[in-house]
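Asker: Below, each chain spelled out in residue letters.
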Amino acid sequence: MRKPADIVYGVGDTPPAPITVLSALQYVAIMAVYLIFPLIICGEARASTADTIGVLSLAMLATAAATLLQVLRLRGIGSGYLCPEDFSGTYMPPSVAAAGMGGLPLVFGMTAFAGLAEAGLSRVLNRLRPYFPPEVAGLVILLVGISNAAVGVEYLRHSAQPGHAEGVALVAAATLGSMVALNIWTRGAIRMLCALIGIAVGYMTAALSGLLTAKDFALVGSAPVFALPRLEQIGWAFDVALVIPFLIGALASTLKAMAVLAICQRINDADWLRPDLENLRSGVAADGLGTFIAGALGTFGVSVSASCVGLSAATGITSRRVAYVIAAIFALGAFFPKAAAALAVMPKPVMAAALMFTACFLLINGIQTITSRMLDSRKTFIVGLTIIGALTVETFPQMADQLPEMLKPLVGSALVFGTVLAFVLNLVFRLGIRQKVSLLFDTTSGHVGELDDFLDANGARWGARRDIIDRAKFALHQAVEAIADHCAAAAPVRIEARFDEFNLDLDVAYRGDLLELPEQRPSDGEIRDTEDGLRRLAGFMLRKNADRARAEQTADTAALRFHFDH
Amino acid sequence: MEIVVSTHEHVTIVEPRGRIDSTTSRELGRWLQDLIQEGRQRLIIDFGRVAYISSAGFRVLLIAAKDAKDRSRGFALCNLSQEVRRLFEIGAFLDLFPIYPTREEGVAASA
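Residue numbers (my numbering), protein chains in the order written: chain E, 13 to 578; chain X, 43 to 153.
Please note that a few of the clues may not be correct.
Stated by the list, open to error - Taking lysine-lysine and the DSSO-like style, the derived pairs with C-alpha atoms no more than 30 Å apart in a straight line are:
(1) E:Lys448 x E:Lys485
(2) X:Lys111 x E:Lys448
(3) X:Lys108 x E:Lys227
(4) E:Lys15 x E:Lys448
(5) E:Lys556 x E:Lys448
(6) E:Lys485 x E:Lys556
Note that these hints are calculated values from the structure, not bench results.
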């Protein structure tokens, strides 16, 4: 694994202790924003203040445990990446439903069930893969970015009450502006800590503008320095009616984990070509077990933090050691209510700015993942209709009121609806895709553009990688040229292409002399001065261009066979 | 294939546009041979508009490079796209010619 140029401290690196700690604090500040989800669920369940504080403390413990599970790589569990686990919008809709139906115990019990379901899904990821190609995985990331940004905008809207609108705008602008400016125009430690500095600027601006009130300071001041987490609110319940909504949450969390962990792989490896399935399987297993632990501990479902991966991309720090410190901070934070209180009073405009900052990197990563493969009309509609559907759900949430109770969780969030829609569209549009195609090409009258069209059209249909299709194009162009010039070919050339997610195979069959594919390059003199040298150069380049190549002769038919690892 | 020839600071820039294959490489070969025999001291081939080069194209480059060397002329290449550079690499041609990232750098080095 080769570290990319824009990564300052990679996965296995040990940053200086101050950088590790400050970087971890930065992640904690971002992740703390998502503690809002357990708070919202407690509100929906009408939990008491004491129970809410108990849930919040245990939420920090769950975050610590899940983050450690993800980074440690223990017996097939965990990806080994700096990919912290925090609270996720993927479980919001079913959890809100559970809170209303059965209070906190039902939320906790169903969350534990969803975690086990996700851990089970991790074992069959290879079977899921054909149904969740890169464009769907990229869509999930894009939708997470949109959802995060939408939550941020909603926070701004709600906090901009009459008399406070200017202060809210000032705090949000100061926070987001600081983060963006430091990220663009600075280097080194300051750039790495741009989010933390921006949040600090946000707090100061909020204090000066009156958004942080005496009541907030009093809450932090009165919180005990040390206390054991409250356990009285813990209980577990199960309801069959919520199985499907929580399974959809588990599926969405699985897809999100696959997409986010693939980004972790990509940003840490300059030579990354495709997701490492074994690593994804371990990462999804950790994600699922983290949610199970969260439910068992008496809190809300966790998932890989796409915002934190966005932060990694922004700062260039992906060291595992940061994950250990993050886990330690959250574990300690569970016993320090004062720290929890300080995070709990984070002004909403500061949260909004942090969400929007990290959402930018998620949006771009989602787009890059979607466009990493060739797109045809099928994929255009999968991507376009999913985005339209998700934005509709986000913009007009009241549409859910028209649906039967059972289906409401499906449209409860843009992310869940978009994930399900993308899955269904991909399933439907797979109809009619042929994995084996052929072409007859006349070497005397045919135009080489036909070869490009043949590969471009089928490559897009298959969702193939562009670089592999480019190599296949060279194989066909050079093969056809060499056959025409050196093999006394008497009839059209028959080209056959076969594709699956891992292989592209090209067969070029013709009547004529066999074109050898030598292992050794002819010398410069042989190439310049002899036809045999030129013919062997063509064969040599064809062999080197493919991952495997062979030439076969049967009776009067010769065949060149090229294999490309996809 | 179109071939555009220009001169800058006593460097002759040859810019083939399109594909260099067994059909079009003959024309490129004739151009290069004529320019070298004409007495042009420094030649640089700009690949900025070349999408594809086959074994026949490489042969023409080898012939022209030897011709230039025999007559003590400068011969270099510039502006290879990622794909064309990959073809040079698989044919083991990268080390056989001076290759510059841009036309400007190639002209400056050749002048």
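Asker: Please go over all the hints and tell whether each is borne out by the structure.
Answerer: To see whether the hints hold, each was checked on the structure:
| no. | hint | in the structure |
| --- | --- | --- |
| 1 | E:Lys448 x E:Lys485 | 17 Å, holds |
| 2 | X:Lys111 x E:Lys448 | 50 Å, violated |
| 3 | X:Lys108 x E:Lys227 | 85 Å, violated |
| 4 | E:Lys15 x E:Lys448 | 37 Å, violated |
| 5 | E:Lys556 x E:Lys448 | 24 Å, holds |
| 6 | E:Lys485 x E:Lys556 | 14 Å, holds |
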